[in-house]
Amino acid sequence: MEYANPWQRIMRWVTTTNHKDIGTLYLMLSLVMLFIGGGMALIIRGELFMPGQQFIDPSFYNQMITLHGLIMVFGVIMPAFVGLANWQIPMMIGAPDMALPRMNNWSFWILPFAFTILISTLFMNGPAPNFGWTFYAPLSTTYGPPSTDFFIFAVHLMGLSSIMGAINIIATILNLRAPGMRMMKLPIFVWSWLITAFLLIAVMPVLAGAVTMMLTDRHFGTSFFNAAGGGDPLLFQHIFWFFGHPEVYIMILPAFGVVSQIIPTFSRKKLFGYGSMVAAIAVIAFLSFLVWAHHMFVSGISLGAELFFMYSTMLIAVPTGVKVFNWVTTMFRGSLSFETPMLFAVGFVVLFTIGGLSGLMLSIVPADFQYHDTYFVVAHFHYVLVPGALFGILAGVYFWIPKWTGHMYNEAMGKWHFWLSVIGVNVTFFPMHFLGLAGMPRRVPDYALQFTDFNMVATVGAVIFGFSQLLFLVNIIKTIRGGKPATDEVWEGAEGLEWTIPSPAPYHTFQTPPEVR
Amino acid sequence: MALRGLFKKLTFIVGGFCFFPALYAESALNMPRGVTPVSRDIFDLHMLIFWVCVVIGIIVFAIMLYAIIFHRKSRGYKAAKFHDHITVELAWVIVPFIILVLMAIPASKVLIKMNDTNHTDQTVKITGYQWKWRYDYLKEDIGFFSNLSTPQAQIQGKEPKGPYYLLEVDKPLVLPIKQKIRLLVTSNDVIHSWWVPQLGVKRDAVPGFIHESWVYIDEPGIYRGQCTELCGINHGFMPVVVEALTQADYDKWITGHKQQAQQAQPDKTWTKEELMTLGEKSYGTYCAVCHQVNGEGMGDIYPALKKSKIALGPIKKHIDLVLHGVQGTAMQGFIDQLTDDELAAIITFERNAWGNDTGDAVQPSDIRKLRKGDES
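Just so you know, the sequences run in chain order W and E. Everything in the first sequence is counted per the numbering used here, starting at 124 for the first residue and increasing by one. Everything in the second sequence is counted per the numbering used here, starting at 19 for the first residue and increasing by one.
If you're looking for bench data, these hints aren't it; they were derived computationally from the structure. Keep in mind that a hint or two might mislead.
To be verified - Computed cross-link-like contacts, BS3-like style, restricted to lysine-lysine with a CA-CA straight-line distance of at most 27 angstroms: (1) Lys-176(E) to Lys-189(E); (2) Lys-393(W) to Lys-176(E); (3) Lys-91(E) to Lys-393(W); (4) Lys-176(E) to Lys-308(W); (5) Lys-538(W) to Lys-91(E); (6) Lys-308(W) to Lys-96(E); (7) Lys-96(E) to Lys-393(W).
Next comes chain E alone, as it looks inside the complex (with noise of 0.2 angstroms):
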């Protein structure tokens, strides 16, 4: 009957727990486990639920199994007659409540441990933006955008796919361990929610509004997550990467991350080799999600780049609508997500790439001057 099937599904995954702990250990079948302490507790709450509800799975079915087998009216079995009982039908509401009260306890008590945002050591906000994170290190004056790494190819099949395919990102979220970190979460457009089920985090970002949440990371490793709320075409590829390492390596990470920042070279002239290559690059990761590798758009909502008025009109009318997108549309200003390179570079691939042969070389100080004749 429909219960065999069941049963055997039954056996697999029980016995499974039971007989291969390694399973759950590495396998996908469940939960993971996780690095922080909340993230044990959530998965101790999330076995200790799913064998409450295998037992009483169990119980029913095997009754019900039972009726199913021997009290058929081809072996001849007549009907008994009952059809109320008032002791038996008070038990059966008074025994699961008592189990629902014994379940609520210790749940409540983690998820007032996990409201406990008090006492961190450092703060940092998260910004979803369509389709990528934005990390801001309060105390350390960092701040940088994470995009999905995966090459467009590998999405179309045009290449083999690589072991993190769609769960890797150009610039992870570095974090120290063994702190209690803040995660102030928000959003710039639409609802997002970050993810890690490693860390046991997810809390939605919410534009207009700031939640918070908090970690506190156990083990040095990657941990990797993906955007959780439908937030538009590209949901599926905004993955949430958490790099987590000793407060030695940290501390030099954030040493080399700001030196970094003051070797750029403001005033260096680019030749247009150095800007294609750049811009192709740059293109690829935030403009041919939409408007595709080979610059022809999709349909009315991302307008082809090849062949198209802005690129081939004024250099001028290009940048502005670059920086700051176009109201009412799926295309957003870019101005505070870019450097003046990857625009300018992003600018000029644009204008000579697929056939748009311009010739144009935008200057990263071109950017600059439009830029800020935005904010006199």
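With the rest of the complex left out, here is chain W (with noise of 0.2 angstroms):
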């Protein structure tokens, strides 16, 4: 496009109702956080290489893991499935465009503002937000640091962000898929959406209102989480993990999603059991609604609802190996090739079942008593939201970017890229389970001389998965200014309308609806 001057080049993206061009900025906001986040991660693995203080004290190094864990949740994985939400849900269904265009520039729109805010805080005359990302009060309330009043209003804006990104998704999906495309023809990928957009709109509500409580006991005198004044601390975190169970599913449905359309591309074979893969995603996202005291197992919690929410909780096994077998069966006897997206694909479908696996064994309470809160548990959730959420993002970006640029990503960095990322964050993660059998708890800045090694390790692991995140940098910057050009199929199994319309992707496709048979 030609410009008149920079600041129409600017305005643009500002004023964009583009579909392309918010799933554009969505994701290219993602990536700025994910280096952001990553920072936060080496600072904290740096400190952790050795025992004794290194080179930050205790009070920034709870800094730290909130800011992490806040930045890749909130940051890092919910803006990227939405970017990948914003470009190929409408070319996926037939659709012009998003339902909602303004909306859907508004809740583009008010993340960067959100997340200035929230990194803001580390500037501030006191500490960052420093209770952990989870912000269990009365850590997060009486004894709150006062930048915990911006850490609410961050929150308060990335629940409208979502909440706005959802309803639109779910307008788009039930109004304006093509002629003939029926629901049960939708694509896995855009099923996932539908249900993860239920989700969001059913929880971030539920978290909006947990800060909002949090925000009138420290300044208006309500006690609703201070047993002094009638409350319960663990009232906060009842409400904390209704949201935050269906949280855990809305960064991982949508990777489902992704992974259920690159694994039938590249076994050029039809995806087994579509029907109770749609079903499964239904089942799980049903279920997350009836687990989130698996969370609460040691604090407190009478005996029936600890059998209660064991058993909900091991019964999402179920739906989750139906997936699981379903990729694996769509595998077999397939014509296999093993492109980047199908890399992480594959990746995918191994290091999540690892993690899916040490959620079993979390969810068996008694067990549950010598993980709760110790490096098992980080291990097993950075095994379904490193190589899950984010390896499902990646293997996304590769999958589709050649329909977005019209260019080939460069193969050979692309797989270096995968095979750095997979040494990488299971030399971090897999150590951390031992950790935490022997006994390290989470969130310590400093530990006991038997945990030495394997903190070292996990240590040179990170960095290792760290830095090879700059491969991926370096590969998409040189994608979309050049490279071989894409045909408009890309790949040779490839199914579905996206890969009907040219690359690049013109900046309006299906003006006229197709017509799906």
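Reassemble the complex: the two chains are provided individually, in unrelated frames, and hints are given to aid placement.
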């Protein structure tokens, strides 16, 4: 596009209502946040390389773990999936754009301000939020630093953005499908996002409620979370995890969707069990509302509650297992090839399964008494979030970037990126299982001597993983600038409407709806 | 492929468990089996679910690996056409469900046993404080605080670290073996969590609520754990140490502890040197984590004491601040935590160290007067 002056160039992005532009903005924000949050992770791992205080004090350490968690969850994984949704959903269902383009613009442009506010707390007088991303009361209320109020405001903004994004996605999928695109013909990625969007609408208001109650506890004399005034600190945990557990699935369901697009493509074979895949996502989403207290097994809930939440949590293994079995069966007797998106998708299935199995171990309440709040849990949720959610995003970007830019990415560099990431992730997080079992609590800035070896290994892995993401950065910048032209179909086994339009995708697509047979 | 590395790792761990039983007795790879009936039940459950997971993982990954190796386009393999199979799809809903039910049975049994706090022999109340534990023996009328005893110099890397770095305290919780002891866990400020892996006990300490747990220790020994719920800046520095004694040794300890309390001399006048010696030690335990050994504090939240208005100002105000803390800040009140001797010594130390040479020597009796004044 031609611009008369730089101002126009900037304003194009500020005022855009085009789903492709907004998708790009979301993905860019997520990329920037990935390196900020990743930098914090490296600070944490650097401090933990050896026992003793190395180069940051415990107060700063607590700020780092808090911001690392918040940025990775709300600033990397969630925006990246919304970015993928913005780019792909209209193209996959044959719609000209999102249903609510102006709201789409607003829901993105809230986010840079939210994260500016959140990160600005690091430069304030007094500590930034230092109570962990779970911000348990009363540590975050009575004992929270003044910057907590900025954190509360930032979380409100993020919630607004997510709710509007979710409404937009639901409206688009339900109303703008091309003629003949019945619900049970929707690509799995679209299905996964439809269900995720309902989860978002259900739980983001709950999070908003939790932080609002924090705010009134801090400043207006309410005592929701203060026993001295008739409240209960555990009430906070119930509310938080009623948001928090569906949130976990908000971060993984779209990744399921991405992987379910990629594996059939590179297996040159239809997805096995489409119907059961959709059903499994729906069942997982439903169960996700019934398991929240499994984060609170040692907090003093009653025996009856512990039994109920143990059973409901174990039950989630069934639909999750169905998904894994279906992916493996899709690959079985396919005609497989291993381009970068497929590598990341296969890596996803293997490593996510490991995270899922350790999740099954965590559901056994008596054993959870030993695992809870140790590095075993840290290993578990990093396995489902890094080689899980993040690999899903990376796979999706490699898969669709030829369509977005019209250029093929550098395959050799992509493969290097994959192998270094896989090695880095496992070297970082696998030893954490041992650390947790041996008794190392999470969120400690220093540790006893017997934990030294595995912490050193983990730090080495983190450095490998962190720096190998620079390959990804270089690769996508090069792909945006140029590279081998991509065909319309891009991949040999590709199926779906998005592969019928030219590469790069024109600024406006499907202005007249395609006919789906 | 990704699997190869993984298999190597699995072989390593699985091989470790199979061929070197000593490995999980001592090394830091696995959960400790522990010294209580509950901890052993937990360990068995843990190993059971671990093996279930390993077997499931191996089956799934083996099938996948087979496809990855043999069903490749580069080998000229042609893709099959199947994409649905209702029997198979039902089977992998039903089979995992049955496995889960079989797992849930022993897990429920252990859980119910763990929750049975009836018929206990005695009760110990555990209270979490930022960042120390208090233990009260309800039957014996004994209570004391248990603080980290690792010196700051080791944490800062100025001294070599001891073998129990960060896992040692000044006064451990002493418990008799072969008694069912009820633990009442609560907190004075934020949520903490009391955990000793060897005992299989982990309980959140929630302010305003008391939660129960229990322990029955089989063998005498020293068992170490830590706080596991993020509770502020020194969350990593509030270990739990339990010393389990035989009944005879335990009775001796109780008697000794009570005699010690009686031997205190309330009317003794301390010399400044005595106060400074005790003061330096106590300051290191209670104050230095925030205000630092050099008295320079950390930023605005943990103000410097060196040349500070408080330490150089009126004594009464200084004592009052240490006794009651400062509302809305990280400074807590130490009135219930420290003895008059310790308080006098710490305040004397703060008024004379780091070039704060006021020359004041605060006596325990001064503290007692203010403490009483508070009560009236």
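Indices of hints not satisfied (ascending): Per hint list: 2, 4 violated.
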